[in-house]
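First to last, the protein sequences are chains Z and D.
Each residue of the first sequence is one higher than the one before, starting from 14 at the first, in my numbering.
Each residue of the second sequence is one higher than the one before, starting from 14 at the first, in my numbering.
Hints in this document: simulated from the structure, not taken from any laboratory.
A hint or two may mislead.
The list treats identical chains as one, so a pair stands whether inside a single copy or across any two.
What the hints assert, rightly or not - When the alpha-carbon atoms are kept at most 30 Å apart in a straight line, the in silico DSS-like pairs for lysine-lysine are as follows:
no. : residue 1 : residue 2
1   : 317       : 79
2   : 186       : 411
3   : 400       : 79
4   : 331       : 222
5   : 411       : 107
6   : 71        : 385
These numbers were taken from a predicted model, which means no experiment stands behind them.
There are 2 protein chains.
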Amino acid sequence: MQPTKKNKNVSTARWKHILSERVQQLPASEFDQIMRISKENKNVISLGPGEPDFDAPKPVIDYTAKMLEAGKTHYSSTSGLAELKEAIAKKLSKDNRVHVEDPQTEICVTAGSTEGLILGLMTIVDPGEEVFVPNPGFLAYTPMVDLVTGFAIQLPLVDTDGFQLHPEMIEEKCTEKTRALILNTPSNPTGTVLKKKVLEEIADVIVEKDLIVLSDEAYEKFVFGKEKHVSFASLNGMHEHTLTLQTMSKSYAMPGYRIGYIAGHHELIQEINRIHIYTSLAPSTANQYGALKALQLPTSYVEKMRNSYAKRRELMLKLIHQTQSLHLAKEPEGAFYMFPRITEGKTSQQYAHDVLNRAQVLVVPGNEFGNKGQGFVRMSYATQKEKIQEAFERMWEKGF
Amino acid sequence: MQPTKKNKNVSTARWKHILSERVQQLPASEFDQIMRISKENKNVISLGPGEPDFDAPKPVIDYTAKMLEAGKTHYSSTSGLAELKEAIAKKLSKDNRVHVEDPQTEICVTAGSTEGLILGLMTIVDPGEEVFVPNPGFLAYTPMVDLVTGFAIQLPLVDTDGFQLHPEMIEEKCTEKTRALILNTPSNPTGTVLKKKVLEEIADVIVEKDLIVLSDEAYEKFVFGKEKHVSFASLNGMHEHTLTLQTMSKSYAMPGYRIGYIAGHHELIQEINRIHIYTSLAPSTANQYGALKALQLPTSYVEKMRNSYAKRRELMLKLIHQTQSLHLAKEPEGAFYMFPRITEGKTSQQYAHDVLNRAQVLVVPGNEFGNKGQGFVRMSYATQKEKIQEAFERMWEKGF
Chain Z
14 MQPTKKNKNV STARWKHILS ERVQQLPASE FDQIMRISKE NKNVISLGPG EPDFDAPKPV
74 IDYTAKMLEA GKTHYSSTSG LAELKEAIAK KLSKDNRVHV EDPQTEICVT AGSTEGLILG
134 LMTIVDPGEE VFVPNPGFLA YTPMVDLVTG FAIQLPLVDT DGFQLHPEMI EEKCTEKTRA
194 LILNTPSNPT GTVLKKKVLE EIADVIVEKD LIVLSDEAYE KFVFGKEKHV SFASLNGMHE
254 HTLTLQTMSK SYAMPGYRIG YIAGHHELIQ EINRIHIYTS LAPSTANQYG ALKALQLPTS
314 YVEKMRNSYA KRRELMLKLI HQTQSLHLAK EPEGAFYMFP RITEGKTSQQ YAHDVLNRAQ
374 VLVVPGNEFG NKGQGFVRMS YATQKEKIQE AFERMWEKGF
Chain D
14 MQPTKKNKNV STARWKHILS ERVQQLPASE FDQIMRISKE NKNVISLGPG EPDFDAPKPV
74 IDYTAKMLEA GKTHYSSTSG LAELKEAIAK KLSKDNRVHV EDPQTEICVT AGSTEGLILG
134 LMTIVDPGEE VFVPNPGFLA YTPMVDLVTG FAIQLPLVDT DGFQLHPEMI EEKCTEKTRA
194 LILNTPSNPT GTVLKKKVLE EIADVIVEKD LIVLSDEAYE KFVFGKEKHV SFASLNGMHE
254 HTLTLQTMSK SYAMPGYRIG YIAGHHELIQ EINRIHIYTS LAPSTANQYG ALKALQLPTS
314 YVEKMRNSYA KRRELMLKLI HQTQSLHLAK EPEGAFYMFP RITEGKTSQQ YAHDVLNRAQ
374 VLVVPGNEFG NKGQGFVRMS YATQKEKIQE AFERMWEKGF
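Take the sequences, apply the hints, and build the full model.
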């Protein structure tokens, strides 16, 4: 005679039946919760968020507003505004040595690179087919492969060699069912920048196995060490094997615009354009004009941010080396993240939880990025220098 | 010795291997081509497009620009801005008698209702499971079910009874594998508004079979006849069985904003919020503020558009009745479409092709909306009265 409890159980069983296996299998993510804490609790210093702390450039905002006022509130074509696709093609040629023959059939403008990635996966992967993902890697990769009912093959990365990707690993683990590799350089969460030589070795395996590389280059503008960013599609013969994913979110500090793009061989992009109507139709029209303006800005806008991140990176490196509870095996050269190992034998969750409660500093547990991230935390330096300094001082004060 | 041709064949075979079955199975759609023609060829009068010809309301544009200038260029929470979700809950209660207990866990803001629909399907449908779709129906429904590797069960609708949905049909065709029904009233492309009594009969079957209804209410504000729009979730007991999909695109003439939302039981919406990070993360932040302003506008904004559509509808009804090549079995009462039968025995494609070439008028072939749309064309009255009048005069002149 416990009707409420009984009903609750019945209801739960019902929802278990109704919800798809694919969503029930997804791992719990603390990403949204972390974003909320960092926005709501003003006492917490957040080294968590994955977005620039800069606002979008003023000329971008002004031009977006102007286009809204000019009545650009209607649908764009599903592949995006023609003039934006042309500007993207120029940018890819100039900045990335990626040559686009016909922007209208080889580029699709998407809601950030996120939407580009799910569109790319839908276009390539059938149920049960395999996709390589880096582990640790961006927390959405494996669930995205799961959502398209594919199977993610984890590529374990270790800190002692700076989380480098080894081509032999791809060769060894490749089966008849493997279709693609998600590549992410500079990397979220590790900050690793893959060397051109390594990418060329990977390219050899990609040709041998005839795979497609989904090259997530969200952080392309933020490379600080000796290495330069190399777009995978720029390597010899890789045009037919690569979908290049870039976004305005990080390079131009406009994540709230939700504008990215995917570029590649027209056989792939035409299919992506065709299915775009089934995921969101097209990105916001006025925001696409904003993106167009961003691509026309002098390079000084990006350079200024880059220089600021470079200084913060130097500071954070120094501070981590002074922190007894954290250890960096190699200095990360890109993105705006560091991924140090916890020296005390705590799990990522315990450490992040303790640091939040005792020092009021938010770091992201490393296991959010795959099981190989267990024992690590991600720290973002997309935060003012003063705040980074204070965060570490708070941690030291509490014995971390 | 025909290397070029041979290479081309090899390449085609390669792409056939690389592209997923799911995209290769999708039907060819002329939607994007139609949008392009209607925008590019200034001599053509388009009765094609599925979007309002009005611009977004000025207060919406002004507020969006203001929020951009205030630095609202960062990510929102994956479920959307808290204040927008609250405004949506109020709107649903006031306009639709749909009660939302906690806006923060029962609403997700999406990139139009399109994204809401694919998120809803991903959340409910596993590979091989079945979803009922109306035929003729919105051209994206069946491909979307295909994309989530579900199976679309067609519900054939006929013009002689005004394309009504018959509950017995659902009962008969339902199997162990059936999970959901996509409901669309007012309907694109037929303009049909389902009666409350019919919806209640459908609700009985939904309870009996424990299905989820994806209720696409994009055209909720545009009902012109005796019937009123009834939200499926407002019917007795349907809260646990319905995902309500609405959008700002049609009601507020802001399709280029790409803002819609999905509301329902928290067990479903929480999963949708969880997977949102894997499709687009969140909609444009500033555009969400624009949507918030739209929901705060006096009803006169929507009323003015509605009255304008009502007059155009009267005109188009009169003109179709005077057109020998077209026949309307029943007068459609909603959306901004008519779906007349072609009387001459031509296919939809032939007729649309002839009308475009000879009269320079664009209509959409009915088979774009499913095989039961063969022999019909869709005509949109989201066009100025003078243009509607001239389009028909052009057609009459050429003997249509």
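Hint by hint, here is what the structure shows:
no.: 1; hint: 317 - 79; in the structure: both (25 Å within a copy, 25 Å between copies)
no.: 2; hint: 186 - 411; in the structure: neither (44 Å within a copy, 65 Å between copies)
no.: 3; hint: 400 - 79; in the structure: between (35 Å within a copy, 29 Å between copies)
no.: 4; hint: 331 - 222; in the structure: neither (43 Å within a copy, 63 Å between copies)
no.: 5; hint: 411 - 107; in the structure: neither (49 Å within a copy, 52 Å between copies)
no.: 6; hint: 71 - 385; in the structure: neither (41 Å within a copy, 51 Å between copies)
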